[in-house]
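Novice: Residue numbers (our numbering), protein chains in the order written: chain A, 305 to 505; chain B, 90 to 632.
Treat each hint with caution, since some may be false.
Heads up, simulated DSSO-like pairs for lysine-lysine below, C-alpha to C-alpha not over 27 Å straight-line [claimed, not checked]:
(1) 263/B <-> 221/B
(2) 525/B <-> 351/B
(3) 337/A <-> 471/A
(4) 221/B <-> 431/A
(5) 227/B <-> 431/A
(6) 556/B <-> 431/A
(7) 351/B <-> 320/B
(8) 264/B <-> 221/B
(9) 439/B <-> 454/B
(10) 221/B <-> 437/A
(11) 454/B <-> 525/B
(12) 351/B <-> 221/B
(13) 161/B <-> 559/B
(14) 559/B <-> 431/A
(15) 263/B <-> 302/B
(16) 320/B <-> 437/A
(17) 351/B <-> 169/B
(18) 320/B <-> 431/A
(19) 263/B <-> 169/B
(20) 463/B <-> 612/B
(21) 437/A <-> 227/B
(22) 559/B <-> 227/B
(23) 302/B <-> 463/B
(24) 431/A <-> 148/B
(25) 553/B <-> 320/B
(26) 439/B <-> 525/B
(27) 227/B <-> 177/B
The following label-pair restraints were derived from C-beta to C-beta distances [stated by the list, open to error]:
(28) 373/A <-> 275/B: 26 to 34 Å
(29) 381/A <-> 230/B: 36 to 44 Å
(30) 370/A <-> 440/B: 16 to 24 Å
(31) 455/B <-> 373/A: 36 to 44 Å
(32) 548/B <-> 382/A: 36 to 44 Å
(33) 444/B <-> 373/A: 23 to 31 Å
(34) 321/A <-> 453/B: 28 to 36 Å
(35) 381/A <-> 562/B: 48 to 56 Å
(36) 160/B <-> 413/A: 53 to 61 Å
(37) 321/A <-> 242/B: 35 to 43 Å
(38) 348/A <-> 545/B: 42 to 50 Å
(39) 321/A <-> 243/B: 38 to 46 Å
Because the hints were derived from the structure by calculation, they are not lab data.
Small disclaimer: the values here were computed from a predicted structure and weren't measured.
For each residue, glycine too, the CB sits at the ideal point set by N, CA and C.
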Amino acid sequence: MPYEAWKDNEYIESLVKELNDHGANIIVGSLDKLINWGRSNSLWPLTFATSCCGIEFVSLGAARFDMARFGWEVARSSPRQADFMMVAGTIVNRMVPVFRRLYDQLAEPKYVIACGSCAISGGPFRKSYHVAKGIEDIVPVDVFVPGCPPRPEAMIYGIMQLSRKIKVERFFGGVNRQEKQQEFLASHPVPGVDDTEINEK
Amino acid sequence: MANIQDKIANVFPQATFEQGETLLVNIPDAQWHQLAQTLRDDPELSFDYLVTIVGMDWKDKLGCVYYLISTKHNHMVSVKVTTANREKPMLHSIADLWGIAGIYEREVYDFFGIIFINNPDMRRLFLSIDWKGYPLRKDYDDSDPNLNPISIENERQDDNTYTWVEGANGSVQKKTVPVFKEDDFVINIGPQHPATHGVLRFRTAVDGETIKKIDVYMGYIHRGVEKLCEKLTYPQTLHFMDRLDYFSAHNYHHGLCLCIEKAAGIEATPRAQVIRVLMDELSRIASHCLFIGTYCMDLGATTMLFYTLRVREQILDIMERTCGARMTFNYDCIGGVMQDLDPNFVSDVKELLAVLPKNIKEYNKIFTGNVIAKNRLEQVGVLTREDAISWAVTGPSGRGSGWACDVRKTHPYSIYSQLDFEQVVRTEGDSMARFKVRMEEMEQSAHIIEQLIDNIPEGDICAKVPKVLKLPQGHWFQLVEGCRGAFGIYIESDGTTSPYRLKIVPPCLPLAAVVDHITRGGKIADLITIGGSLDYIVPDMDR
C-alpha cells in the first residue's frame with residue numbers, strides 16, 4: 305500500500321501521532337511492527353450477514369473480486385476464530401442481543417466494520433419501529449463503508465483501511481483497544497451483568 | 090364468477106358480495122369456518138391454495154381478507170371477515186384446513202392482535218414476546234422510541250404456546266400448550282449459522298440424529314416495511330422491493346408497479362414492458378446461479394460457487410450498465426422504467442446467451458451427476474403435491490413437487506401470454522427435483538430472452554404519469570412470479586397519495602414454514618440439504 309494512495313486519512317495520522325508522542329520503544333516497537341504486519345495481512349472475517357450486503361460479501365469472496373489475495377479469505381463461521389466482523393445488513397431490535405453476543409464472543413483484538421447504510425444509520429429503514437438506528441450504539445465501530453449495498457470494491461477499500469489501522473496500532477500493551485472497550489462497556493451497562501469484574505481481569 | 094357467487098349465496102344467505110377485480114365475499118365470523126370448508130371441499134369451487142391472509146385495520150373494525158385460488162379451475166376469490174371488538178378481537182381459525190394458514194394467522198396476530206380461535210399455536214411471529222402493542226394497527230405510535238426500546242439484554246423466551254379453544258356454549262378459553270415435550274432434546278440452530286441462509290432460527294427437537302420437530306423463529310431481520318410504506322407516496326414505496334428478496338429485485342418491482350398501474354389505470358409502454366420482462370428473466374438466471382453456487386457450497390462442493398458466480402457477475406455487469414447498480418436497481422417505475430437501455434445491452438445479452446448453455450452443461454457435469462450429490466439429494470425431503478399446495482409452496486420448490494404453479498402461466502401478466510416457454514415441472518418432490526427445476530428454468534429464461542432480444546420495440550420507456558399520483562378508493566391484488574415463487578401485492582387505498590395498507594405476500598414465508606413438515610423424521614444433516622433446496626431468503630419472509 306503506497307502512502308500516496310491514501311490521501312484522506314486524518315484518523316490514521318492522528319493514531320500515528322499519538323504513538324509517536326508516547327515514543328516507540330525500539331525493541332517492542334519493532335516487534336509490534338512485525339506482529340502487526342502479520343495481523344493486518346491475515347484478517348479473518350466472521351461470516352455475518354443479515355441482508356443484501358451479505359450477497360456482495362459473497363461476491364467479494366468469489367473469484368472476480370477475490371479477497372483471498374489480501375489474506376482475508378478464511379471466513380469463519382464461529383466468532384471465536386474470527387478477527388473482525390463485517391456487519392453486512394440491517395440490525396433489528398430482535399437481532400441486537402444476538403449481535404452484541406457475537407461481538408462479545410470475538411477474541412481480542414477485535415474489529416468491526418459497519419458495512420452499508422443500514423449498519424451505519426438504519427438506512428432506508430431508519431424510521432421503522434423495529435430497526436436499530438446504526439450499530440454504533442451497540443458495539444464500537446472501526447470502519448464505516450457507505451453504500452446500499454457497497455460495491456465489493458468499496459468493501460475491499462474498507463477492509464484495507466482496517467488493515468492500515470492495525471498496522472499503526474501498538475500491539476504490546478494494546479492500550480488503545482482495551483481502553484476503548486472499557487469506556488464503551490462503562491457507557492453501555494448490561495442490567496444484571498457486572499462488567500467491572502471482566503475488565504479487571 | 091357469477092357461478093361462484095350463486096353457489097355461495099345458496100348455502101350462506103348471510104354472505105354479501107362485492108364485485109371487483111376478484112369477487113369479494115363478506116361473511117360473518119360465525120360462518121367463516123364453514124364457508125372455508127365449503128370453498129375448499131366443493132368440487133366445483135375447490136379453492137385449495139390459500140394465497141395470503143391480509144390483516145386489516147379499518148379503524149372502526151379489524152379483520153382479515155383471505156385470498157384463495159383454485160389450482161384445478163384457476164379461479165380466484167377473496168373473503169372478508171371482520172370484528173368490531175378492538176380490545177380483544179377474535180376470529181375463527183382455518184389452520185385445520187390449510188397447512189399454511191397457521192403461520193399466516195400468527196403473522197396477523199403479531200401485527201394486529203387478532204386472536205384466532207382454535208389455532209394451535211398463537212404466539213408472536215416476528216416480534217418478541219415482550220413487544221408492546223400491535224405495530225400495524227393505525228393507533229400504534231411508532232415514533233415513540235421508549236415504547237419498545239432497543240435492548241442488548243437477551244430476549245425472554247417462553248417454552249409454551251397458547252391456544253384459544255371454543256367450548257360448546259360458545260365461551261372461549263385460553264389454554265397453555267408446551268411447544269416441546271418434557272423429555273425432548275432441543276438444540277438451537279441459528280440465527281447466526283452459515284446453513285440457515287441468513288438470520289433464521291430453528292429450535293430443533295432431536296432424537297439422536299433424527300429430527301422430531303422444528304420450531305421456526307423469524308423476525309431477526311423484520312424491518313417493518315409494510316408500516317413504512319403507509320407513510321410514503323406510491324413511487325417512494327417502490328425502492329423497498331429491491332431490499333426484500335434482493336435476487337428478485339426486478340420481479341418485485343414489476344409486481345408493485347403492475348398493481349399500482351392497475352389501480353391508477355396506467356399502462357406501461359410496449360418498450361418498457363419488453364424491457365421489464367427481459368430484466369425479470371435475467372434476474373431469474375442470476376438468482377438461480379447464486380442458488381446453485383451457495384447450495385452446492387452448503388453441501389461441501391465449494392468450487393461450484395466460483396463457476397456459477399462467473400455467469401452471475403456477467404449478468405450483474407449487464408444490469409449495472411443499464412440500471413447503474415449491482416443489486417438494488419430501483420429500475421422499474423410506475424408507467425415504465427427509469428432509464429433507457431445501455432447502447433451495448435443487446436450485444437452484451439447475446440454474449441451471455443452464447444456462453445450460458447456451455448455453463449449449464451458444465452454445472453451438470455460437475456455436480457448433478459455426481460454420486461455424492463445424488464446420495465445427498467435424491468429422496469431427501471420429499472414434499473407431495475397436496476402438501477405443496479396446502480402449504481402454499483410456490484415457485485421452483487412447488488414445481489419440483491409436481492404443482493404447475495408458475496404465475497407467468499396460470500395468471501399471465503405483462504407480455505408473458507405472448508411468449509413461448511415451458512413451465513418446468515418435475516414430479517419427484519425431493520431436493521434433487523427442486524435443484525433440477527431451477528437448472529432447467531435457467532434454460533427457459535434464456536429461451537424467453539432469445540425471443541425478445543431482437544424485438545425490443547422502439548418508443549418511450551415510460552408512459553405519462555401524473556406528478557402527484559393518487560389512487561382511487563378501493564383495493565387491488567397482483568401476483569407475479571418472483572425467482573422463488575408467487576409474490577403478491579395487496580394495496581388498499583383511501584384516495585390519498587400513500588397507501589392505506591400495502592401488504593406484501595412473500596413467497597419465502599411458506600418455504601420456511603414448511604421446513605418443519607418436510608424435515609420431520611429426517612436426519613439433522615438433511616436439514617441443510619432441505620433448507621438449501623427450498624432456497625428461502627430471510628429478509629423476504631421477515632419484511
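Novice: Does each hint fit the structure? Answer for all of them.
Specialist: Each hint, compared with the structure:
no. : hint                        : verdict
1   : 263/B <-> 221/B             : holds (20 Å)
2   : 525/B <-> 351/B             : violated (35 Å)
3   : 337/A <-> 471/A             : holds (7 Å)
4   : 221/B <-> 431/A             : holds (18 Å)
5   : 227/B <-> 431/A             : holds (16 Å)
6   : 556/B <-> 431/A             : holds (25 Å)
7   : 351/B <-> 320/B             : holds (21 Å)
8   : 264/B <-> 221/B             : holds (22 Å)
9   : 439/B <-> 454/B             : holds (24 Å)
10  : 221/B <-> 437/A             : holds (19 Å)
11  : 454/B <-> 525/B             : holds (13 Å)
12  : 351/B <-> 221/B             : violated (37 Å)
13  : 161/B <-> 559/B             : violated (37 Å)
14  : 559/B <-> 431/A             : holds (23 Å)
15  : 263/B <-> 302/B             : holds (24 Å)
16  : 320/B <-> 437/A             : holds (18 Å)
17  : 351/B <-> 169/B             : holds (21 Å)
18  : 320/B <-> 431/A             : holds (10 Å)
19  : 263/B <-> 169/B             : holds (25 Å)
20  : 463/B <-> 612/B             : holds (16 Å)
21  : 437/A <-> 227/B             : holds (23 Å)
22  : 559/B <-> 227/B             : holds (20 Å)
23  : 302/B <-> 463/B             : holds (26 Å)
24  : 431/A <-> 148/B             : holds (23 Å)
25  : 553/B <-> 320/B             : holds (24 Å)
26  : 439/B <-> 525/B             : holds (24 Å)
27  : 227/B <-> 177/B             : holds (16 Å)
28  : 373/A <-> 275/B: 26 to 34 Å : violated (43 Å)
29  : 381/A <-> 230/B: 36 to 44 Å : holds (40 Å)
30  : 370/A <-> 440/B: 16 to 24 Å : holds (23 Å)
31  : 455/B <-> 373/A: 36 to 44 Å : violated (24 Å)
32  : 548/B <-> 382/A: 36 to 44 Å : violated (56 Å)
33  : 444/B <-> 373/A: 23 to 31 Å : holds (25 Å)
34  : 321/A <-> 453/B: 28 to 36 Å : violated (59 Å)
35  : 381/A <-> 562/B: 48 to 56 Å : holds (51 Å)
36  : 160/B <-> 413/A: 53 to 61 Å : holds (58 Å)
37  : 321/A <-> 242/B: 35 to 43 Å : holds (39 Å)
38  : 348/A <-> 545/B: 42 to 50 Å : holds (47 Å)
39  : 321/A <-> 243/B: 38 to 46 Å : holds (41 Å)
Checked against the numbered hints given earlier, this structure breaks hints 2, 12, 13, 28, 31, 32, 34; the rest are met.
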